[in-house]
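Residue strings, one per chain:
There are 2 protein chains.
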Amino acid sequence: MLEALIDSYIAVWNETDGAARYALVTKIWEPDARYIDPMTSGQGHDGIDAMIGAAQGQFPGMTFSRRGTLDAFGDRVRFSWDLGPAGAAPVAGGTDFAVVTDGRFANVTGFLDFTPG
Amino acid sequence: MLEALIDSYIAVWNETDGAARYALVTKIWEPDARYIDPMTSGQGHDGIDAMIGAAQGQFPGMTFSRRGTLDAFGDRVRFSWDLGPAGAAPVAGGTDFAVVTDGRFANVTGFLDFTPG
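Chains as they are written, first to last, in our numbering: chain H, 17 to 133; chain Z, 17 to 133.
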C-alpha cells in the first residue's frame, strides 16, 4: 500500500491535466499537508496543487520517476526520484522524506541529490 | 553554526558521562523535541537523554562519526553518520533528517543506510 502511495506521489508530479492532478492531490495528501524543498513549498490541497503545476511549467517535457526502493518504518518513509526527458538520462534527482498518516502524506521534505552542473 | 550544531549532535551520542550528556542534550535540543528511528524514539530532554544512554549501552565501545557533508536549506538539514569501533570500519551507518529551530533540534528522523549483515 505504501508502494502504491509513493507511485501515486510520483504520478501527481507528472499529471499535467489540471482536474486529474487536483483529484489525485486530494486523494494522497492530507488537507493541511505541507511540502518543502530547496526550490519551492506548498501547503494544503490548493497550495500543493498550485506548486506542482508551477513546477511542471518550469520543467516542460520532463518526467519524474522513482529511483531505488522505499525505506520505511512507522509513519516515516524516504524514497528517491529522478527528473529528466522520457527515455534519457536524468538531469536531476532527489530524495524525499515523508510523514504518512492515515494513508496520506502529512509532511514531505525534499532534498536534491544532484542537479544540472 | 549549523556545522557546529551537527558536530555537537554527534558528540552527544558519544558522551557517556551522564551529567555532561544531559547538559549537551539541553543545549542542542528543543525542550519538546522528538527523535525517532527504526529502533528507538524519544521526546523531550529527559526522554532523548535516556534514549541515547540506552543506545550507548547497546553499543559499548562504538562511537559515532559524521560521514560526508551537510545538506541544508531553510530549517531543514540532512547528514549521515557511521557507527563503529574507533579506528576500524563502521558496522552501521545512517542518515538523519532534522528540523532546526532557533539553533536547536526540534525534530529528527533517522534512517539506516547499512547495518551488520
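Quick caveat, the hints were computed from the structure, so don't treat them as lab data. All figures in this text were calculated on a predicted structure; none of them were measured in a lab. We put the CB at the ideal spot given by N, CA and C, even for glycine. Treat the hints with caution; some may be incorrect.
Claimed, not checked - Label pairs and their calculated CB-CB ranges:
1. H:Gly73 x Z:Gly77: 53 to 63 Å
2. Z:Thr56 x H:Thr117: 15 to 25 Å
3. H:Gly73 x Z:Gly69: 17 to 27 Å
4. Z:Leu128 x H:Pro101: 41 to 51 Å
5. Z:Ala35 x H:Glu19: 38 to 48 Å
**Request:** State the violated hints by number, sorted upward, taking the hints as numbered earlier in the document.
**Result:** Going through the list in order, the structure violates hints 3 and 4 and respects the others.
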